[in-house]
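Enquirer: These are the residues of each chain, in order.
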Amino acid sequence: MTEAARYQKLKEIVTIYLPEDVAVDMITEESHFINELNINSANLVDIVLDVEDAFDILLENEDMDQMQTVKDALAIIDTKLTKTS
Amino acid sequence: MNYHHIIAQLPYSKPFLFVDTLQSVSADGVEGSFTFSRELGFYQGHFKGNPVTPGVLLTECCAQIGLVCLGIHLLAKADLSQLQIGLSSSEMEFLLPVYPGETVTVRSEKLYFRFHKLKCKVRLYNAEGALACKGVLSGMFKTREDVT
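Protein sequences appear in the order of chains A and B. Each residue of the first sequence is one higher than the last, beginning at 1 in the numbering used here. Each residue of the second sequence is one higher than the last, beginning at 86 in the numbering used here.
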C-alpha cells in the first residue's frame with residue numbers, strides 16, 4: 001500500500017468519528033486529533049481499533065500515547081507494517 | 086463470593102447508587118441486581134400519578150453494574166484511589182416498563198477493554214426474568230497512574 005493510500009484509508013476512519021462541527025477538509029497530516037479535530041479520548045480509542053482492523057496491525061498503550069496527530073498515526077502504522085512484512 | 090470489595094469501591098452513594106448485589110464477576114462479564122424501592126423520590130414525578138422507572142435510570146443501573154463494577158474488577162491491580170470514570174456512549178432499547186418495587190438483574194458481556202475504554206453489551210431483566218432493556222454502553226476509566 002502506498003503512503004497516499006494509507007493516508008486516504010486513515011482519513012476515512014477519522015471522518016467517521018469527527019464531531020458535527022468539524023468538516024472533513026479540516027483533516028490534514030498536521031491535525032491534532034484531540035485539540036484540533038475535537039475528537040474525544042473515547043472516540044480516539046475507536047479510531048485506533050478501526051486502524052488495527054483496517055491495516056491488520058496491533059497497537060500498544062505506548063502507540064496510543066504517541067498518537068497525537070494524523071502524522072503520528074501514519075508513522076506508527078508505517079512502523080507496524082514494516083515490522084510485520 | 087459476595088464481591089463486596091467491588092461495591093465498596095464504587096464512586097456512588099444514595100440516592101444515586103443503583104447496585105445492591107453482584108452474583109457473578111469474571112474477566113468477561115458481570116451479573117448484578119438492584120431493587121428499585123417504591124420510596125425512591127423520582128417516582129413522584131415520573132410519571133404524575135403513574136410511577137414507572139425512567140429509562141435513564143435503567144441505563145444508569147446497567148452502566149453501574151455492567152460497566153463500572155466490571156471495570157473495577159478488571160482494574161483490580163491498579164490504584165483506584167483517584168479513579169476517574171465517564172460514560173462515553175450509550176445505545177439502549179427499552180422493551181418493558183419497570184415498576185416501583187421491582188428487583189432487576191443486569192447481565193453485562195465485555196466486548197473489549199482497551200486503552201482505558203470498556204465497551205459492553207448489557208441486558209436488564211425485570212422481576213419476572215423478562216428482558217426489559219438492552220443495549221451497548223461504553224465508558225472511560227482513568228486510574229492515578231494514567232493521570233500523572
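Hints were generated in silico from the structure; no laboratory data involved. Glycine included, every Cβ here is placed at the ideal spot set by N, Cα and C. Some hints here could point you the wrong way.
What follows is a list of derived Cβ distance ranges for each label pair [unchecked claim]:
#1 B:Phe132 <-> A:Glu60: 47 to 53 angstroms
#2 B:Gly171 <-> A:Ala23: 22 to 28 angstroms
#3 A:Ile34 <-> B:Pro182: 28 to 34 angstroms
#4 B:Glu176 <-> A:Lys9: 46 to 52 angstroms
#5 B:Asp105 <-> A:Lys9: 58 to 64 angstroms
#6 B:His89 <-> A:Asp65: 31 to 37 angstroms
Enquirer: Take the hints in turn and mark each one as holding or not.
Expert: Now for the hints, and whether the structure bears them out:
no.: 1; hint: B:Phe132 <-> A:Glu60: 47 to 53 angstroms; in the structure: holds (50 angstroms)
no.: 2; hint: B:Gly171 <-> A:Ala23: 22 to 28 angstroms; in the structure: holds (27 angstroms)
no.: 3; hint: A:Ile34 <-> B:Pro182: 28 to 34 angstroms; in the structure: violated (40 angstroms)
no.: 4; hint: B:Glu176 <-> A:Lys9: 46 to 52 angstroms; in the structure: violated (26 angstroms)
no.: 5; hint: B:Asp105 <-> A:Lys9: 58 to 64 angstroms; in the structure: violated (47 angstroms)
no.: 6; hint: B:His89 <-> A:Asp65: 31 to 37 angstroms; in the structure: holds (35 angstroms)
Violated hints, listed in ascending order, are 3, 4, 5; each of the other numbered hints is respected by the structure.
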